[in-house]
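Student: Each protein sequence line maps, in turn, to chains P and R. Here the first sequence stands for residues 1 to 214, numbered as in our numbering. Here the second sequence stands for residues 1 to 334, numbered as in our numbering.
Since the hints were made in silico from the structure, they are not lab data. Incorrect hints may appear among the rest.
[Stated by the list, open to error] Here are the in silico distance ranges between beta carbons for each label pair: (1) K8/P x G127/R: 37 to 43 Å; (2) E19/R x E105/P: 50 to 56 Å; (3) D172/R x D148/P: 53 to 59 Å; (4) I250/R x K150/P: 54 to 60 Å; (5) R292/R x S23/P: 19 to 25 Å; (6) G212/R x V174/P: 25 to 31 Å; (7) V174/P x D16/R: 35 to 41 Å; (8) S116/P x V228/R: 53 to 59 Å.
[As the list claims (entries may be wrong)] 25 Å max Cα-Cα, derived BS3-like pairs, lysine-lysine: (9) K121/R x K149/R; (10) K149/R x K126/P; (11) K46/P x K149/R.
Here the structure is a predicted model, which is why all the values come from computation and not from measurement. Yeah, the Cβ is synthetic: ideal placement off N, Cα and C, and Gly gets one too.
Listed below, chain by chain, are the residues.
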Amino acid sequence: MSEVVVIKNGVDVVDDLINVIVSNRDYLSEIDGAIGDGDHGINMAKGFNICKKRIDGKQLTLSEALAELSDSLMEGIGGSMGPLYGCIFTGWSDSVQGKTELTKEDVQAMLANGMSELQDISPAQKGDKCLVDTLFPATDSFAQAVKDGKTFKEALNIMKDAAAKGRDSTKDLVAKIGRASRLGERSRGVLDAGATSCCLLVTQLADSIEARMN
Amino acid sequence: MKLNRIINDPDLVVEDAIEGYVAAHPELFAKTDHERVLKYPAIPQKGKVGIVTGGGSGHEPAFLGYVGKNMVDAVAIGEIFSSPTAGAFLDAMKASDGGAGVACLYGNYAGDNMNVKMAVKKAAAAGITVKTVVANDDVASAPITEREKRRGVAGEILMWKVGGAAAAAGYDLDGVIGAAQKAIDNCRSIGVGLSSCIIPAVGHPNFNIDNGMMEVGIGHHGEPGINVVPLQPANEMAYTMLEPILKEGIFEAGSEVVVLVSGLGATPTMELYIYYAEVDRILKEKGVKVHRSYVGNYFTSLEMMGVTLTMMKLDDELKKLVDAPVHSLGMVQG
Chain P
1 MSEVVVIKNG
11 VDVVDDLINV
21 IVSNRDYLSE
31 IDGAIGDGDH
41 GINMAKGFNI
51 CKKRIDGKQL
61 TLSEALAELS
71 DSLMEGIGGS
81 MGPLYGCIFT
91 GWSDSVQGKT
101 ELTKEDVQAM
111 LANGMSELQD
121 ISPAQKGDKC
131 LVDTLFPATD
141 SFAQAVKDGK
151 TFKEALNIMK
161 DAAAKGRDST
171 KDLVAKIGRA
181 SRLGERSRGV
191 LDAGATSCCL
201 LVTQLADSIE
211 ARMN
Chain R
1 MKLNRIINDP
11 DLVVEDAIEG
21 YVAAHPELFA
31 KTDHERVLKY
41 PAIPQKGKVG
51 IVTGGGSGHE
61 PAFLGYVGKN
71 MVDAVAIGEI
81 FSSPTAGAFL
91 DAMKASDGGA
101 GVACLYGNYA
111 GDNMNVKMAV
121 KKAAAAGITV
131 KTVVANDDVA
141 SAPITEREKR
151 RGVAGEILMW
161 KVGGAAAAAG
171 YDLDGVIGAA
181 QKAIDNCRSI
191 GVGLSSCIIP
201 AVGHPNFNID
211 NGMMEVGIGH
221 HGEPGINVVP
231 LQPANEMAYT
241 MLEPILKEGI
251 FEAGSEVVVL
261 VSGLGATPTM
271 ELYIYYAEVD
281 RILKEKGVKV
291 HRSYVGNYFT
301 SLEMMGVTLT
311 MMKLDDELKK
321 LVDAPVHSLG
331 MVQG
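Just need the whole structure built from these sequences, with the hints factored in.
Tutor: Encoded structure:
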């Protein structure tokens, strides 16, 4: 198995990310309805669909396609989710500029840069019951797997596990950030919608990369 | 249950309301290339510092109602209770820039902080200098030792009033920022909620306050307050709300202050005046001098029942700027 993944058209990878959000639109809103506004899926699908229109049928590098996704979210949805995801994808995009091939080190750098861009605008910490409860462990576990000498594919699977665990960890947390923080103790027992959409995205990214290994 | 509201489409209430504001008050509002940005028609004004704000909808007349002469130049408009996009803030900054820089004066909320931060970066790349003041006047949202965590509420109006007057008086950007910062540093606010509110697109109440109860310290979007207590008559309510404000230690006998009492959307104006009479009486007892008072629906939360109290301590500069003439939908004076 090759340790280099060729991304012929970045649009295909971003299309996968769009599809996973759009097809989970109602599920994400339903989770959000328990402790939030109930509009997470609607807002996310709105932003990702704007991107779909912008990139449909184009030939772009992964960096260019991710930049389109970032711009679509920042422009299309305000609130907190627009800038949070917008920054993550900006970080990913900047890190892989000009690349048509990815090594596991490239993916490691890409994930790290997304996390760093996010931290630039948000003070959110692990344990706040939000998307960083998924993103940070996913990013860290991938880096650790690369350090431990795991193969590209193994590292992706380790990341997927960490993302799912991170998402599930939000169930027992009390929200410290966002609208759900109003509920205090009552926010316990429900998954966080942002952590869930983040898990979908990170998992899909891993699957899309793995599908291009040969 | 059918929502008894005067709307067309629950998903388009912000768009539809903007049409109404522009149609009713063309002397105050001009559209821009960005559908979520409105500006005062006479700006940009060469050499004057631009004043920008923005925030979620549902707080009318805030935020757009403070666009006008000698106040806010351009406003970024978000969905109900949701921050405008970074692009909207950026275009408001561009619309108001007259070459002397832009002061973006907004409230301390996670979404607004992130979107403004990104807009400021992009404005810098476009050659526009933007400096910010973040309002944090809500004493109930965090202890004074964590003032950076406090939310911005109706004190924002006094921050815009002072900042707008400073810009109109020819202050440079640092001067406008300094005056607006001083205004908010001398502001303290608290709210009391008596009932919840419904976002049309959501269709059910955002939270719940039991009949006969009131929530002291509630936020503008139903953020949790200090405690929930049995409903008090207006005179007790005034004491309950003044106590945490006076405990901050900035208002003393002899202080000159501005008092701003705002309804949260469903409160009859008559009751705001019943409440104001009690506040005024208590302040007189304590020797605090009310230089100017504002009573009305200045900063609301859809149809929430309740009231907010804001006090700003004055010095000579703030007094002059607060007293300057202004013409906007939410505030007319001089």
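Student: Now look at each hint and say whether the structure bears it out.
Tutor: How the hints compare with the structure:
The beta-carbon spacing between K8/P and G127/R, approximately 38 Å, falls within the hinted interval of 37 to 43 Å. Judged by the Cβ atoms, the range 50 to 56 Å given for E19/R and E105/P holds: they are separated by roughly 53 Å. Hint check: D172/R to D148/P, Cβ distance near 57 Å, so the stated range 53 to 59 Å holds. Against the hinted window of 54 to 60 Å, the Cβ-Cβ separation of I250/R and K150/P comes to about 58 Å, which satisfies the hint.
Remark: the range hint 19 to 25 Å for R292/R to S23/P is contradicted by a beta-carbon distance near 57 Å. Checked against the given bound of 25 to 31 Å, the beta carbons of G212/R and V174/P, roughly 28 Å apart, stay inside it. Take V174/P and D16/R: their Cβ atoms lie about 38 Å apart, and the range 35 to 41 Å holds. Remark: the range hint 53 to 59 Å for S116/P to V228/R is contradicted by a beta-carbon distance near 41 Å.
Using a Cα cut-off of 25 Å, the hinted pair K121/R and K149/R holds, with the two alpha carbons roughly 23 Å apart. A hinted pair counts as satisfied when its Cα atoms are at most 25 Å apart, and K149/R with K126/P qualifies at roughly 18 Å. Restraint check for K46/P and K149/R: not satisfied, since their Cα atoms lie roughly 31 Å apart, outside the 25 Å limit.
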